[in-house]
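Sequence lines, in order, name chains C, G and V.
Quick note on the numbering used here: the first sequence kicks off at 1 and runs consecutively.
Quick note on the numbering used here: the second sequence kicks off at 1 and runs consecutively.
Quick note on the numbering used here: the third sequence kicks off at 1 and runs consecutively.
Since the hints were derived computationally from the structure, they do not count as laboratory data.
All of these numbers come straight from a predicted model, not from anything done at the bench.
C-beta atoms are modelled at their ideal positions from N, C-alpha and C, and glycine is treated no differently.
There could be a bad hint or two in this list.
Said to hold, decoys possible - Derived CB-CB ranges, DEER-like: (1) G:R19 - C:P109: 52 to 58 angstroms; (2) C:A237 - V:V247: 51 to 57 angstroms; (3) C:Q231 - V:E311: 47 to 53 angstroms.
What the hints assert, rightly or not - Quick look at which bits of chain C chain V covers, simulated, 3 or more residues with Cβ under 8 angstroms: (4) 40–46; (5) 58–70; (6) 74–88; (7) 93–103; (8) 132–138; (9) 238–244; (10) 269–282.
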Amino acid sequence: MSLTTAHSVVAPSANSKRIAGAIIIAYALISIVPLLWIFATSFKTPPDSIAYPPKILFQPSLEGYCNLFTTRTRQTPEYINSLGPATTFCDETTRKRNMVIAGPSNFLPRFVNSLIIAFGSTFCAVFLGTLSAYGFSRFKVPLADDLLFFILSTRFMPPIAVAIPIYLMYRELGLSDTALGMILLYTAVNVSLAVWLLKGFIDEIPREYEEAAMIDGYTRLQAFWRTVLPQATTGIAATAIFCLIFAWNEYAFAALLTSGTAQTAPPFIPTIIGEGGQDWPAVAAGTTIFLVPILVFTILLRKQLLRGITFGAVRK
Amino acid sequence: MSMTKPVKRKSRWPAWARRGLMENIATALIALGFLMLFQPFALSLYTYSFITMLAGTVMFIIVSKFPE
Amino acid sequence: MTARPVPPLARDAVQINSIVETIQVTEVGLTMLNRTADSVARATPEPLARKVRGISDKGLAWLFISPTILLLLAINIFPLFWAIYLSFTNYRANRPGEVVKNLGFANYQRILGDKDIWIAMQTTAHFVFWTILLQTVIGFTLAWLIDRKFRGHAFWTTIILVPMMLSPAVVGNFWRFLYEPQIGLFAYAISFVTGIPATHIEMLSNVSLAPWSIVIVDTWMWTPYVMLICLAGLRSIPEYIYEAAEVDRASNWRQFWSITLPMALPFIMLAVLFRGIENFKMFDMVNLLTGGGPGSTTEVASITLKRQAFESWRTGYSSAFAIILFVAVFGLANIYVKALNKVKQR
């Protein structure tokens, strides 16, 4: 290490800063390459996507997105010529490959399923979580520590281990392959995170506000509604985004417990195939659409991220 | 006063069964169970890994109720 | 306060208690108290509120907590007990009509004596060990570098964090494309650097490379997680300790080993335990990337479990296996929560 000048760890030298910065930027750039590659592939034509060497510069095309939203059948050139002029861009690109659009693909319904299940379960988890977190934060609950541990421990259960009895249970109850069943399941998984995170947030709101409100003639419930909730908004929003991301990304339960009507996007995207194997531009297009909301949320959440991944234990 | 022993704390809980110590033993037991589960050397160690982990976990839950 | 049973006016004893506490404690309470008179006039209770007013704090606490507990009992604990029951039987989910026989501990004995499952455990061990080692070393190094607070560090940190927020399944699936021997970017980059022909880099179909393919993806994805927690650990070290060390003329090397590392250790433990638990039950990424193959070289415990439960439909047998995995995870989770509380006190 450098022996020159007033060097201390408290204020790293300009040189060490520069080296650290260079290494971090290099790592960041390398680690972002797979994502950029997904994005780039989604705008390639199928032949471009499987070119060797991999093409970094290419003519952008929306064919992947067309293929993502449609199913196509191969036809003879005579048949295609007998059709009227192509009406849409997707029509045109499909016909160039000697195919015609047969109908919409399942991607949109699966994506909508993802939205319904993720938002539904997030709402339920945050609602239940807020109530419980307030209960644990403000009242003397007997065995509170044990209950909290119990709540957290349910999050650690291996999904496949839970899936076996849930599969049987849902079969009995008629909940298999329904959005309701998935919402219930994701709520149960997320509520543990919601309780732990929100308890931390509510613990930080001084009790005095509610107590003052109660002196003002509010009941406990009114005080909770009018003083605690407005102050916990940031915490509730952050918790909701964490729950949303989990439910959005979840694969194991979705793959094992849904097969048709309630299937979400993660188990669906890998099944997108074209002729002779995976249609990579279409897969990349689906992946891109699927990932964009998460990227936005990550940027929104970056200040709360640490708190979220440690169940509220580390607050910075 | 003819007290030879130092003045004990209020609780009459035996010193050897304090929570910290016992929790560490339970933790070690769970870790041992994991090593037995993962090791590639002897099938019999693998066979007994489950019971070791179970014992460690149960012990952990019980001793976490002990006073500090 | 002595005449507790008869609540004066609409107030109940609980509120009196809180008034007493509040007056002792707060400034806010005092200022708010001035407004009490007119707010009492305002607060003519609505019918609903009057009903709710009857609920004591204790009742309210249970009202708030019980829905969560009931949901978890229904969706997590009941199935768990069902699985424990099934683990003692030969039940098969695809043959609901068949008579269920009680086998006692036979399922457990079979699993714990089964060489194939033992090998699956070693595959899991390989995956868990290497991912944790790589993630900890790389993650801590990155955190240590970011802690130099160079210009723009917040922006680049956010970029680094992105992979861990993404769906392991969807991204894992895409890595199959990156790993393609000829057309894949990963193989191309490796051959570009090492000179080995790209067609020879068969990450997913080569028996000795496949276990590393899942290690690489997991490390790429979760190093940011370890980094973030290590960063919190490094930032929790008070500066005066370093200042004191400077006064004592301790070398940088020495400061690192006797201050930085020990002080950040609880945080590192936290990250290691959590990643350990998560990777022990890893399913989604591996299932899509290799599906356990080639053969069973990347068949980690969760994949074996899924094959037994949802492909061979040996429900009783796989329930026993699930319970074994559950106990292992639960043991680690206990230690994790202990570590969590330790860090919380900092």
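Hints, verified against the model:
1. G:R19 - C:P109: 52 to 58 angstroms: Given range 52 to 58 angstroms: holds, Cβ gap about 54 angstroms.
2. C:A237 - V:V247: 51 to 57 angstroms: The hinted range 51 to 57 angstroms is violated for A237 (chain C) and V247 (chain V), with Cβ atoms some 45 angstroms apart.
3. C:Q231 - V:E311: 47 to 53 angstroms: Given about 51 angstroms between the Cβ atoms, the range holds.
4. 40–46: violated (count 1)
5. 58–70: Our answer is that it is violated, as 0 residues pass the Cβ test (under 8 angstroms) against chain V, missing three.
6. 74–88: Since three or more residues must qualify, the claim that chain V covers the segment 74–88 of chain C is violated, with 0 doing so at under 8 angstroms.
7. 93–103: violated (count 0)
8. 132–138: Coverage by chain V holds here, the residue count being 5 at a Cβ distance below 8 angstroms.
9. 238–244: violated (count 0)
10. 269–282: This one holds; 4 residues, not fewer than the three required, reach chain V with a Cβ under 8 angstroms.
Hint check: violations occur at hints 2, 4, 5, 6, 7 and 9; the rest are consistent with the structure.
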